Amino acid sequence: MLIDGGSQKVMSTRDAQKIASQRNLDLVIVQAKAQPPVARIMDWGKVKFEQQKKLRENKKKQVIVQTKEVRLSPVIGEGDFETRQKAATKFLSAGNKVKLNLRFRGRMMTHQDVGRKVLLKMADQLKDLANIDQMPQLLGRQMSLLLSPKPEVIKKVQSEKKSKIKENQDAKDED
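If you use the UniProt record's numbering, the sequence shown closes out at 175, no skipped numbers anywhere.
Derived from the structure by calculation, the hints contain no laboratory data. As the structure is a computational prediction, the values presented were derived from the model and not from experiment. Even glycine gets a Cβ: it sits at the ideal position worked out from N, Cα and C. Among the clues, some could well be false.
[Said to hold, decoys possible] Taking lysine-lysine pairs in the DSS-like style, the calculated list, with each CA pair at most 25 Å apart, reads:
| hint | residue 1 | residue 2 |
| --- | --- | --- |
| 1 | Lys164 | Lys59 |
| 2 | Lys53 | Lys68 |
| 3 | Lys161 | Lys99 |
[As the list claims (entries may be wrong)] DEER-style ranges, computed between Cβ atoms:
| hint | residue 1 | residue 2 | range |
| --- | --- | --- | --- |
| 4 | Asn24 | Asn58 | 27 to 35 Å |
| 5 | Lys68 | Lys162 | 21 to 29 Å |
| 6 | Ile3 | Lys48 | 41 to 49 Å |
Produce the entire structure from the sequences given, and follow the hints as far as they go.
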């Protein structure tokens, strides 16, 4: 069966190939297992180009989420804590996940509860920007907690990215 524009005809493969070559188009099999097999006359290069174009555009729309790391200590000073909090806020605002790592040294391993409190305090400070993906977990001498940005933050980042792309395209059009 041959689909040509809007019409459907049953014909031999040779005839269909002749028609396609006369029009400088390609004969593409749509369903090989059907009885009779279904083929369509089209410009295959154009179809392939359109598919690649869609793939590129979908790739641009994808949001790549990176995981940033912020290192803490169980005996961290207030100023250092605020600095690390600002860094984590910056990462979350950019739409990245944040892994809070707390390293125990020497005898500090006996006071894991202090480290857990520091991590939970940081998570509490960032609760309006992030959700806790992974509660504090001890791996060797490190305790870590994973935060991911809230959906509202991600939407905001995406809209900002779209507006930036639009501005760049407008600037190119003006040139």
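Status of the hints after comparison with the structure:
1. Between Lys164 and Lys59 the CA atoms are separated by roughly 17 Å; this keeps the pair inside 25 Å, and the hint holds.
2. Between Lys53 and Lys68, the direct Cα distance comes to roughly 32 Å. Violation of the 25 Å bound is thereby established for this hinted pair.
3. With a C-alpha separation of about 24 Å, the suggested pairing of Lys161 with Lys99 holds against the 25 Å cut-off.
4. In this structure the hint that Asn24 and Asn58 lie 27 to 35 Å apart at CB holds, the actual value being about 30 Å.
5. In this structure the hint that Lys68 and Lys162 lie 21 to 29 Å apart at CB holds, the actual value being about 23 Å.
6. Distance hint for Ile3 and Lys48: a CB-CB separation of about 18 Å, inconsistent with the stated range 41 to 49 Å.
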